[in-house]
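Both chains come to you apart, so use the hints to assemble them.
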Amino acid sequence: GNSVTQMEGPVTLSEEAFLTINCTYTATGYPSLFWYVQYPGEGLQLLLKATKADDKGSNKGFEATYRKETTSFHLEKGSVQVSDSAVYFCALTPTNRDDKIIFGKGTRLHILP
Amino acid sequence: DAGITQSPRHKVTETGTPVTLRCHQTENHRYMYWYRQDPGHGLRLIHYSYGVKDTDKGEVSDGYSVSRSKTEDFLLTLESATSSQTSVYFCAIRGALGGAINEQYFGPGTRLTVT
Numbered sequence: 015g016n017s018v019t020q021m022e023g024p025v026t027l028s029e030e031a032f033l034t035i036n037c038t039y040t041a042t043g044y045p046s047l048f049w050y051v052q053y054p055g056e057g058l059q060l061l062l063k064a065t066k067a068d069d070k071g072s073n074k075g076f077e078a079t080y081r082k083e084t085t086s087f088h089l090e091k092g093s094v095q096v097s098d099s100a101v102y103f104c105a106l107t108p109t110n111r112d113d114k115i116i117f118g119k120g121t122r123l124h125i126l127p
Numbered sequence: 208d209a210g211i212t213q214s215p216r217h218k219v220t221e222t223g224t225p226v227t228l229r230c231h232q233t234e235n236h237r238y239m240y241w242y243r244q245d246p247g248h249g250l251r252l253i254h255y256s257y258g259v260k261d262t263d264k265g266e267v268s269d270g271y272s273v274s275r276s277k278t279e280d281f282l283l284t285l286e287s288a289t290s291s292q293t294s295v296y297f298c299a300i301r302g303a304l305g306g307a308i309n310e311q312y313f314g315p316g317t318r319l320t321v322t
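Chains as they are written, first to last, in this note's numbering: chain G, 15 to 127; chain C, 208 to 322.
Looking at chain C on its own, in the form it has when it is part of the complex (with noise of 0.2 Å):
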């Protein structure tokens, strides 16, 4: 996961507030995403960006806003917590750290608990 960094990397929250997870790449890359990791449903894309300002839903969207103003950072908004999105969060990045265009490469993640 080198030049992918995730923040934080820790947090617990109350039902009903904001938070904002932010992953930022040094590399330059136009694509990135937004996983959710659960127990039983392995990786789900929540949202992703192919460049600034363009994002488009992935298949468990609702519950989250994201935005991309710059190219090395990509935010993921839970507007009001609930307790069905504590989970682990992950950023990736599309494109070479040494390979292919179409390998995706991850951040160390973001444990979220909602309480």
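Pulled out of the complex, with its shape left as it was, chain G reads as follows (with noise of 0.2 Å):
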């Protein structure tokens, strides 16, 4: 079946560290993936997609590169401020017809002043 699969939290980081945090993910066909952003109180919000293998996602300082070999799509970042402390979810769909996004349980991400 399709799954997906992404690194449990939280992860606690000082400011301007590095960022990696993993996502893994069980597919038929050919998927998009995505990570979603929710800050606190807030809805989910799109961050970034890939549609394709080999595809970089980015945005807001983020990236995510689709690597159909190891089936994955690591989200990183290169310097994290306290601002992007906030739950981050991986995401799929299996193909681009799909109804359905199958989402990554979440990963909670604080950075320290």
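To be clear, the hints were calculated from the coordinates, so they are not data collected in a lab.
The calculated lysine to any residue pairs, modelled on SDA-like cross-linking and capped at a C-alpha distance of 25 Å, are:
| # | chain 1 | residue 1 | chain 2 | residue 2 |
| --- | --- | --- | --- | --- |
| 1 | G | 114 | C | 265 |
| 2 | G | 114 | G | 22 |
| 3 | G | 114 | C | 235 |
| 4 | C | 264 | G | 113 |
| 5 | C | 218 | G | 101 |
| 6 | C | 218 | C | 265 |
| 7 | G | 119 | C | 251 |
| 8 | G | 114 | C | 260 |
| 9 | G | 119 | C | 216 |
| 10 | C | 218 | C | 275 |
| 11 | C | 260 | C | 274 |
| 12 | G | 91 | G | 75 |
| 13 | G | 70 | G | 17 |
As structure tokens, then:
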């Protein structure tokens, strides 16, 4: 079946540290991959996406590369800020035509000043 | 979450009472979704709709019903609320708020407490 596994949190880093949040997936076919972010008290917001192998999604200093050979879509940022504290969700749709998104369980990120 | 509103934003109700949550969109999107978010479970799909009067179940549909009588509104009803339905409920739409058609965009959420 289709599934997403992401590292459990919470992840605590100091400001300006390098961030990696691991995400691996299982899917048939050629899925689209997403990272969503949820700030306290808000709904999920699409952070970035990639729709085919070797695509790199990027936004707000975050990046993730679609690696088909390792079935991974790890989220990275070179220098985190306190304002990046949030919950991050990795997700996929099995194909572009799919009705539903499959979410990972989320990783809570705390950035210390 | 531009174009997607949820009401109420907060609600406290008693066990056994019916509760209806409303999701409203202004973008004329065909697909709409209801999720619940609970610690340790991430987001779980309750029901979704692919058009007016067209709905289908998600992974945690027991105890919930939905209705979609017009494109812009998707209602989630708890017929007889239980404490296990205490959660944060999110509505989502699928489609272009400037994006590709398989992305989803979320409302601000409704925090429901069943006492």
